[in-house]
Amino acid sequence: NAGVTQTPKFQVLKTGQSMTLQCAQDMNHEYMSWYRQDPGMGLRLIHYSVGAGITDQGEVPNGYNVSRSTTEDFPLRLLSAAPSQTSVYFCASRRFMEVYGPGGYTFGSGTRLTVV
Amino acid sequence: KNEVEQSPQNLTAQEGEFITINCSYSVGISALHWLQQHPGGGIVSLFMLSSGKKKHGRLIATINIQEKHSSLHITASHPRDSAVYICAVNERGNEKLTFGTGTRLTIIP
Numbered sequence: 001n002a003g004v005t006q007t008p009k010f011q012v013l014k015t016g017q018s019m020t021l022q023c024a025q026d027m028n029h030e031y032m033s034w035y036r037q038d039p040g041m042g043l044r045l046i047h048y049s050v051g052a053g054i055t056d057q058g059e060v061p062n063g064y065n066v067s068r069s070t071t072e073d074f075p076l077r078l079l080s081a082a083p084s085q086t087s088v089y090f091c092a093s094r095r096f097m098e099v100y101g102p103g104g105y106t107f108g109s110g111t112r113l114t115v116v
Numbered sequence: 001k002n003e004v005e006q007s008p009q010n011l012t013a014q015e016g017e018f019i020t021i022n023c024s025y026s027v028g029i030s031a032l033h034w035l036q037q038h039p040g041g042g043i044v045s046l047f048m049l050s051s052g053k054k055k056h057g058r059l060i061a062t063i064n065i066q067e068k069h070s071s072l073h074i075t076a077s078h079p080r081d082s083a084v085y086i087c088a089v090n091e092r093g094n095e096k097l098t099f100g101t102g103t104r105l106t107i108i109p
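Residue numbers (this note's numbering), protein chains in the order written: chain A, 1 to 116; chain B, 1 to 109.
Any given hint could be a false lead.
Said to hold, decoys possible - DEER-style ranges, computed between Cβ atoms:
1. A:Glu59 x B:Pro39: 22 to 30 Å
2. B:His69 x A:Ser109: 29 to 37 Å
3. A:Thr70 x B:Thr20: 24 to 32 Å
Hints are computed from structural coordinates only; laboratory data are not their basis. Glycine included, every Cβ here is placed at the ideal spot set by N, Cα and C.
Between the sequences and the hints, there should be enough to build the whole structure, so can you do that?
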């Protein structure tokens, strides 16, 4: 199993450009989520999904869109990038009510995004 | 919204020392998670707790639901334990995670 795969690892965007951060998991996890990590602020939930066709907003959803057409994929779209969206983005997944290894969540390796 | 606080923010210790990192939260939860983030940035899930205590190798995690408090202990610490340790909680009834800001641990040989 590959776990959670995030692409790209690094991206530089100009203000106003759009892009999609990809997240895919091959573990048949129902729950998938996106977080951003900023210095001094910790990780914050952007959007999450409890299954195909079901998404909901987290703590900081503005400026981001998501969709979940399959169990495996949960892309994050930036419609019009702003410098405030410069951050490190993580995708994570887990099975409901099930311990995966010693813990609950599997994280992707992250995407470092810079908006200039 | 749940407030999650960790202490200390930074911790430097000698190799072999016993390490304790604390986490407190403000409202009831369905589960608490301890995560480890290495200098390279990757995040690994260490424990998921809803009650009691769990042990994995040299790591031990405990939770006191009544006091809304959890601790992560590392026995016989080693330089490879140097990382940021993050506490996160699931709100009751949903899967939303709220994170603490992390504890940066440095173990000196």
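Exercise for the section: Hints the structure violates: just list their numbers, smallest first. Expected result: 3
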